[in-house]
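Keeping their order, the protein sequence lines are chains E and Z.
When we follow UniProt numbering, the leftmost residue of the first sequence carries the number 1, and every step to the right adds one.
When we follow UniProt numbering, the leftmost residue of the second sequence carries the number 1, and every step to the right adds one.
Worth flagging that the hints you see were computed from the coordinates, not collected in a lab.
Incorrect hints may appear among the rest.
Since the list gives no way to pick one copy over another, a pair counts as held whenever it fits inside one copy or between any two copies.
With a cut-off of at most 20 Å between alpha-carbon atoms, the simulated EDC-like pairs for lysine to aspartate or glutamate come out as follows [claimed, not checked]: (1) K262 to D426; (2) K113 to D75; (3) K412 to E328.
Protein chains: 2
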Amino acid sequence: MSVRHPLAKLPESFARGLASTNFPAAASSFAVSRRTPSHTRSLATHVPPVTQDSTGSKGPTAMVFLNMGGPSTTDEVGDFLSRLFSDGDLIPLGRLQSYIGPLLSARRTPKIKQQYADIGGGSPIRRWSEYQNSEMCKILDKISPETAPHKPYVAFRYANPLTEEMYTKLLEDGFGRGRGGRAVAFTQYPQYSCSTTGSSINELWKWRQRLEGKPTRDAGGDASGMIQWSTIDRWPTHPGLIEAFAQNIEAKLAEYPEDRRKNVVLLFSAHSLPMTVVNRGDPYPAEVAATVYAVMQRLNFSNRYRLCWQSQVGPQPWLGPQTSTTVEEYVSKGQTDLVLIPIAFTSDHIETLYELDIEVIGESGHADTVKRVESLNGSPVFIQGLADLAKEHLNSGLTCSSQNLLRCPGCKSERCAESKKFLAGDGQASLVF
Amino acid sequence: MSVRHPLAKLPESFARGLASTNFPAAASSFAVSRRTPSHTRSLATHVPPVTQDSTGSKGPTAMVFLNMGGPSTTDEVGDFLSRLFSDGDLIPLGRLQSYIGPLLSARRTPKIKQQYADIGGGSPIRRWSEYQNSEMCKILDKISPETAPHKPYVAFRYANPLTEEMYTKLLEDGFGRGRGGRAVAFTQYPQYSCSTTGSSINELWKWRQRLEGKPTRDAGGDASGMIQWSTIDRWPTHPGLIEAFAQNIEAKLAEYPEDRRKNVVLLFSAHSLPMTVVNRGDPYPAEVAATVYAVMQRLNFSNRYRLCWQSQVGPQPWLGPQTSTTVEEYVSKGQTDLVLIPIAFTSDHIETLYELDIEVIGESGHADTVKRVESLNGSPVFIQGLADLAKEHLNSGLTCSSQNLLRCPGCKSERCAESKKFLAGDGQASLVF
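Same shape as in the complex, but just chain E:
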């Protein structure tokens, strides 16, 4: 299978999508009104209503997409890896993090740089994130006029735009610093892991402290005019997500001759986790499995399937079965009609364009019959789903899911505890233990 050039996949409206992110700073209309939760969960914290009286300013709703990000050009690979290896939530190296991290990242940079060169010179994740977000905001402006206008922001964990850059832009655009305003941290990892969404939220909490002052432990507390944060922290079985995955799978299955189609084996592939993280009680493996099962239910179990895990690195044990090994083993048994489905990421990135397409499929010996479904990227069904989910969240009055208040049983991270308390708000902070 040849390398797909990510740019070739961008829809025509992409340029418009990008352009729409250049909205005027310090918007003049602050339309966030008193919200009546349409449904409540018993554990949830309600965001206090934002009014002109309490904030003294007007402004739009900021929709902030959180993701790991990726280098948009090969020149950014070094910085990207350096940040990645210095993230103790992702790669816990203890007190030696600041020494070992740079060594590891420096050693891997040339190889990874070549991988990004091989997929077209950089990751398309920024372009897709900005496109998805701006398109979602356009829909939100229509279906949720009471919280309009919605303004798209992106905050990556390891690449530009970093959380700091996003937060600075928010402040420049008229949020916070005595002017209040509402922002939604919307993770683009559908399934929650402490090493992905957790790390992004911890980073958000850190920059909130640095740029807006001491934490108040109350996500909704904006008496001082701080930005009023809430988060969509997981959405593993949201109907829009499931429908988008299912439609892309059906489209890929349609490429096989009809007499072979029903015998194709579907291999759902998610980024693996070290067993130390799994055994600490990270909720990710179970949430990924929930997504897979929901997709198979939507497909009426039309095909046989397995869930497998990719991107293991280093000598320590990771959760398996490994995607690459699974493909090899099925191929060696004679099952060469296989469809790979990246189930834990919403746009193309190095793990799809390089690892699956070039390594796993390219080296399978059957690049014509081992295929990968399109990533969600510009899927209109997916983007409509994002908007529906965001509207549900905005209407709910919740600052986070109840699950987000529960630390992993084996968690020792005080940073996790503090950032969860920040999102919990004063009323629920005592629940975080």
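Start from chain E and add chain Z according to the hints.
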């Protein structure tokens, strides 16, 4: 928490349920009619219709519950463990299985015998299985008259009644040996694992060969008057199962004072697997997670939750987080309102009555606030669900799920391949690779 005596939990109808299993041998009416599948899955094998012409005999539909079983008295513990340690599907010891297995089982017998003594002198699993099955068959006779009468059988993997005993009884009762007849192997593990349901089906396939002659590779092929087998091999999110779990959880939550109820943490606990089995591609962890998510959706995510794994033994790595450690860690952090939910087993057994109740809860230091939900046991909602599921299967015309035709990517067991081909039938045997 004191040991609950299993007999104390049996409903009044239990005696009637037991009595109903003493049905007359060689029943005279064979009511299995031509079945029109109400829905089909593309990969499924259809069972050829059984008619008097093709079988030359009449008979009921045999409903055979498969489970691991447990010793009903402490005297049976030795044999139980001996069989358990000689099962290569459960504990793969290679060519030394027949030497090492007995040594391991002999060493563990006194300890395990004491555990069964501590829970009242034996496992209630046989009594519950016979009760559930006979009650289900009564319902089936009403809601599926075209396949009535339904006759309940139990086949345990390691305890009486063993598969051999069940099969012999089937033959005595007028099934097979030129007389045909239909039997459904209904696993009582809702989530499929090669080490549980797979092992039971392999055992069934072995005894079919021994007692009915050479395999024909066609589960439906009964031209020779062999028993026509089909299987319900997994049902992780069946609505009856989910509803029964949810009702038992709600009942347990109601025992907490109202002001604490919403802050109770739910800990779903399933038997763990060695990582060698997980990494081979066993579907069990993902199917267990699907059950958990379905239950939480039914509960509208009323409480925070985690999935954890129990019963690890030996030095090799198993899937975590461990149930016992999870309870210890949450308790040590101050969260003492915990509800344990055995999510992968449908009746009480040593892992609930001893491991959870006596070890985990008993040693938690908070036996008043760390609780366990009732097992499904005699739940009428659960038994109605079993009947609904069985009726769907009987109507479907399928010999097994499409998933059952897919071996694990890392599977090397020829026994697995052959038993899957047996269930696949001639038309689909080539799909099993």
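Right, here's what the structure says about each hint:
1. K262 to D426: Between. Shortest inter-copy distance 17 Å satisfies the 20 Å Cα cut-off; intra-copy 53 Å does not.
2. K113 to D75: within (8 Å within a copy, 66 Å between copies)
3. K412 to E328: Answer is between; shortest inter-copy Cα gap is 14 Å, intra-copy 38 Å.
Hint compliance for this structure: no hint is broken.
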